[in-house]
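Peer 1: Just so we're aligned, residue 1 is where the sequence shown starts under my numbering, counting upward by one.
Hints may be right or wrong, so weigh each one.
The calculated lysine-lysine pairs, modelled on DSSO-like cross-linking and capped at a C-alpha distance of 27 Å, are [said to hold, decoys possible]:
hint, residue 1, residue 2
1, K219, K247
2, K140, K53
3, K140, K51
Treat the hints as calculated values from the structure; they're not laboratory data.
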Amino acid sequence: MTDTTTAQNTNVGDDSLSMHTGWWSSGWGHVLPQHQGMLLCMVLGTATVRKVKGDLDEVVQQIVGDSREGLFRLLGDDLNAPVMWLDEEELESAESDEEREEICTDAAEHEATLTGALRAAGMPVPTTVRELVQTMLDLKLVAHEDGVWSMPEEFPLPEDTLTLSEPVLARLRKMRHYSYTPPADQGIVRHLIDDLDYPTEVFTSLDRLVTIAGEDLEKVRAALEQLVETGDAQLYRGDPRVVVAAKDLPAHQRFYLVPDWETFNENRLTIRRAD
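Could you build all of it, start to finish, from the sequences and the hints given here?
Peer 2: Below is the structure:
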């Protein structure tokens with residue numbers, strides 16, 4: 001596996017964890033348990049890059065250690081923690097009954113997607129983190145031979161491996177609609193963080209962001225749409241301010257870009273390209 005990004009792991013000294021970028025572009029996070037699947041992809045991706053040998057328990061011990069702080073608590077103390085579809089912390093932070101109901105509905109649908117797809121394929125449904133790793137092995141997302149862990153250069157796509165419902169396929173198509181967006185997205189984010197030091201708002205225009213991001217106009221529009229869709233930012237015009245969509249903005253027209261840094265920090269890992 002050579003196509004990776006690394007995310008700083010504050011739990012293991014100054015070491016960094018390697019993450020296969022195919023986790024996001026393939027869409028497996030829409031099929032497998034989102035948080036636990038991502039963490040296992042990160043741990044086993046790191047084992048691949050570092051050439052760590054051993055069984056699952058040994059690899060997790062070497063890479064994560066005894067600490068289970070932050071998201072790593074989801075792996076459990078002995079990897080026999082249950083597969084988690086509903087994030088209790090997300091549920092507790094919901095601000096309304098409607099939001100809580102939506103979170104529960106999404107979690108139930110996510111679980112039903114994988115359960116139905118695996119049963120249709122004649123594969124066992126994982127109930128623990130340890131069994132989830134076996135599912136990832138069965139799906140060819142990771143391999144383990146002679147104590148050596150490895151990942152393919154490119155992950156197989158979920159729909160090429162499992163039979164998925166049309167709503168899930170639609171989500172994957174929508175996700176891939178944004179697959180060309182990251183360079184512009186990252187250019188805008190770098191501007192907000194590195195140049196402006198986490199501003200509460202920016203009065204700007206599409207033309208200006210095109211110059212800053214070094215991308216074409218439509219890619220910048222798509223990047224802004226993605227920031228809004230993920231809750232990382234909102235766009236406003238006028239006085240009093242009204243919400244505006246990036247697709248409705250002329251290139252020269254000024255608007256307010258208002259980041260939500262709390263949501264941004266919850267949604268994202270700050271990543272750097274591995275050399």
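Peer 1: Hint by hint, say whether it matches the structure.
Peer 2: Going down the list of hints, with the structure as the test:
no.: 1; hint: K219 - K247; verdict: holds, 11 Å
no.: 2; hint: K140 - K53; verdict: holds, 18 Å
no.: 3; hint: K140 - K51; verdict: holds, 18 Å
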